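Engineer: Protein chains in written order, with this note's numbering: chain A, 1 to 332; chain B, 1001 to 1357.
Note that these hints are calculated values from the structure, not bench results.
Don't take each hint at face value.
Stretch by stretch, here's where chain A covers chain B in the computed footprint (C-beta under 8 Å, at least three residues) [to be verified]:
id, stretch
1, 1195-1208
2, 1233-1247
3, 1302-1313
Remember, predicted model here, so these are calculated numbers, not experimental data.
The beta-carbon is built from N, C-alpha and C at its ideal position, and this holds for glycine as well.
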Amino acid sequence: MKIVKSGTVLFLVAIIGIVFLFFFGLISGDIDTNFKDVYNALFHYSNEDINQVIIREIRFPRIVMAIVSGAGLSVAGMLMQTLFQNPLAGPYVLGINAGSSLLVALGILSGVGFFSTEIGLIGSALLGAFVFGLFILFTSTFIRSQISLLLFGVMLGSFISSIIAILEVSSHAESLKAFMLWSMGSLQGVSTHQIPIIVMVILLGCVLSYLIVKPLNVLALGEEECRLMGYNIQTLRVSIIFVTALFAGTITAYCGPIAFVGLAIPNLTRMLFRTQNHFVLTTANIIFGALFLLTCDIVIQQISGFILVPINALTSLIGAPFVIYILIRKVR
Amino acid sequence: MKLIYLALVVLCVSCANKPDKSQISDEQNLCKYSKWLRISESKDLVTIEIINPDDPNQIRRLKLPNFNGPINTAVDYDIKEPLDRLACLSNTHVGMLSALNSQHKIVAVSDLKYIYDTQVKSNKVISLGDEQAISPERIIKSKAQAVVYSGFSNSFPKQEILNKIGIHSIPNYDWRETNALGKAEWILLFGYLTGNAGKAKAVFNEICSNYNTCKKRNQKSEKGPLMISGNVTGGFWIAPSGQSYHSQLFKDAGMNYVLSSQKGTGSIQITIEKALASGNRASLWLNPGLPTKEAILNSNVNAVHMNPMKNGKIYCYSHDSNKYWELSACRPDLVLLDYIKIQSGKTVDLFFYKQVE
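Working from the sequences, and respecting the hints, build out all of it.
Structural biologist: Structure, rendered in structure tokens:
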């Protein structure tokens, strides 16, 4: 009862935090703006006013992307961790993001114009994430050790990086530039008109995640229990990979690779809520993932007068020590 | 005993840190604009000093005969004969040798696909790869007598090996010059190395004359249009800072660069919203680094709100990047002329630039 109560308080605090940071992010930045600008930008938009343009076209999509990317990557991480029953699993660590990058690299560096378009980019990223997700799943049937599977994921990431490096060397300068710009990763690469489709895809992923909550709860107990309860384990596995690929592929396509969110937040939520109830965990990952990446983004904007930090650098700076902490705990 | 030992250590340390001072006085120095290249010339000796911009105490000194005069057997020259086979690791080096009609002396480059000069391309020169990962075997295979490198990471990893086998490694810091003519002045280095000093001086003087004439003529006109430069990379807007090489060219062309007050001699990063606030006022956008509006929008969705995106006044060299990177360092007069034409709206016959469509 106590845990449920404190959990509700945590959710409430996190939601209030998100709402506060959302408006704080809209009003504060390099260019001075006020409440009136924010109100007008959201409800009476005029592209003649530069302050409104900055709020609506730069800050708003960036903040929304931080929220949906944080939520999506965290849920993807949670799904992977449950699937592989490994707290250190995640789309970034297991090479799913790398697979997504590889297909994008193959597309852009091939010089075929279609792959540099929005549809081409998203298609490549989604396909890459799904194919490499299935590959990891297939490999996991041979590699039973949790650490070995992680090492395999890391090796796969390195292998893919090498292929990308070879592609870069032999590609045309303009294609190379387009790929380099994409691979640097940023929450700023999205325009306001792209937001509805991204939000819808991430929402779809969240709904699908909620639909598999029950089998996930059973899977957390073990595959044998899952079979005994009458679930088709293969269908469940492919469903999990599909949802993960949907999250990882979409976010990677628009923002480039973002590290450690999908690894750190699911572990954090497990530590905070101490439950295997995937309804609670999914909700927690959506809320805390959004809060985490939004906080990172706001911090970056606030310190931009002194130092400009890429989003990936900050998430790694916070996420990597946290993962080391989990590793040490696991070894002990 | 301990005191003597301590004194010896202090002496050794102070000797090790002793700065390598220039042997060329300001009066002797032939270079008028360059900050990192000094050259002195006498009847039988040419001394070239290349100063490391990150550590001015570190000077690469080359002594070579004045190829127009007698060879003094008493002098221990570093290079005794004009170099005929050079490996050039930057496009700017290729451009400077081309300006001296000495491109046939290039036997190796970093990557042939980034070369503009047709003669160098057709000569089937060897591609050596990235400066930091260069293969000494390929250099030996090219039979280069010297490798001219850029020193991007403040060192040239294969220097020791090359020295052992008698191949000179010569740094070229033209990319660190903030003065457009200072950058072009490095043509003198190639002139002296290849025995074409006279021609190099003549070419450089002509470049200076053209540049200064253009600049003076343009100073009479009114203040130019408000202009922004650069583009988004990795979530930030990267542009030339106020005291950079490009910023000086913008100023000399009479342009009103929005970031001219930003300190620094290299590039600066600003947030996208700051860039948009500036770009919204600007009527001209130079060097977005991409050849088409579509490519610009693909890399930076917010570019649609920049004023030049609406009025169409975006100019870049990206339709032929190799040409720009190879020749612009050596021909700042042509870059300046392009800028003057662009800012005055007379954009016919641009040499490096093209309107982005």
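Engineer: Does each hint hold? Answer for all of them.
Structural biologist: Do the hints match the structure? See the list:
1. 1195-1208: violated (count 0)
2. 1233-1247: holds (count 4)
3. 1302-1313: holds (count 3)
Comparing the model with each numbered hint stated earlier shows that hint 1 is the single one that does not hold.
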